[in-house]
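**Q** Sequence:
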Amino acid sequence: MAKKIILLLALILLTAANVEAADDINFDELATTNTEGATEFLSLIRMKDNGALHFVAIDDTIHAVGMVKYSSELCNFYQRRSKDGDFPPLKFLMILPERERGQLDDNLGEWLGNGHIIPVYALFDVKGGQIIFDKPFYSARGITPLHYHSTIQNPVHERLIEIFMTHMPRLHEIIKSKNISLP
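Every letter in the sequence shown is one number past the one before it in the numbering used here, and letter 160, counting from 1, is 160.
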């Protein structure tokens, strides 16, 4: 049931993202890295019906949307370090609404209708305030994997993960500057 709710939210977001001036949008955008002329950005939204928070990564050039449920750990991932000083792997579920089957990564995660939910395992470092990826990104079958043995190969999926990760520090700054209180 929870998986269906997550997918429904993703579908609502995709529809709303394609409507420029809709009065009945089901979410409020709290913060975004979107600027004039930007083709890719990361936003933090709050659903109007239940107050749930989600990150939405968008790349207009490839017409792609990915959604990730908010958590403070994800919001601050680039600031956390393990006891030995390294950055721990970043793990999250990315919801990809309205995806066509028959593409790379179809066997990863889980499908719900036309929506694809992919678990992501990303290794990274931070140098000079910049997120440095250690590609490839990893994934697995199902949405609660114990191990991530498959690589994410679809360039669209890779790009959405990159946007999510690289835009997070800027989004975090914007959230702070707007004094947005988050759990």
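In case anyone wonders, no lab produced these hints; they're calculated from the structure.
A few of these clues could be false.
To be verified - Pair ranges (Cβ atoms, derived):
no., residue 1, residue 2, range
1, Gly113, His147, 23 to 29 Å
2, Pro136, Leu74, 19 to 25 Å
3, Leu146, Glu36, 43 to 49 Å
4, Thr35, His147, 25 to 31 Å
5, Lys48, Pro136, 21 to 27 Å
6, Leu123, Ala52, 25 to 31 Å
7, Asp125, Asp28, 20 to 26 Å
8, Gly128, Met47, 16 to 22 Å
9, Ala52, Pro88, 22 to 28 Å
10, Gly142, Gly102, 31 to 37 Å
From the three backbone atoms N, C-alpha and C, an ideal C-beta is built for every residue, glycine too.
**Q** If a hint holds in the structure, say so; if it does not, say that too.
**A** Structure-based check of each hint:
The beta-carbon spacing between Gly113 and His147, approximately 27 Å, falls within the hinted interval of 23 to 29 Å. With their beta carbons about 20 Å apart, Pro136 and Leu74 fall inside the hinted range of 19 to 25 Å. Distance hint check for Leu146 and Glu36: the Cβ-Cβ separation is about 44 Å, which falls inside the suggested range of 43 to 49 Å. Taking 25 to 31 Å as the suggested C-beta distance range, the pair Thr35 and His147 does not conform, at roughly 39 Å.
As the Cβ distance of Lys48 to Pro136 is approximately 37 Å, the hint placing it in 21 to 27 Å is violated. The supplied range of 25 to 31 Å is met by Leu123 and Ala52, whose beta-carbon atoms lie about 28 Å from each other. Taken as a hint, the range 20 to 26 Å is violated for the pair Asp125 and Asp28, whose Cβ atoms sit roughly 34 Å apart. For Gly128 and Met47, the hinted distance range of 16 to 22 Å is not satisfied, since their beta carbons lie about 36 Å from each other.
A beta carbon spacing of about 25 Å between Ala52 and Pro88 agrees with the range 22 to 28 Å that was offered as a hint. The hinted range of 31 to 37 Å is not satisfied by Gly142 and Gly102, whose Cβ atoms lie roughly 20 Å apart.
Hint check: violations occur at hints 4, 5, 7, 8 and 10; the rest are consistent with the structure.
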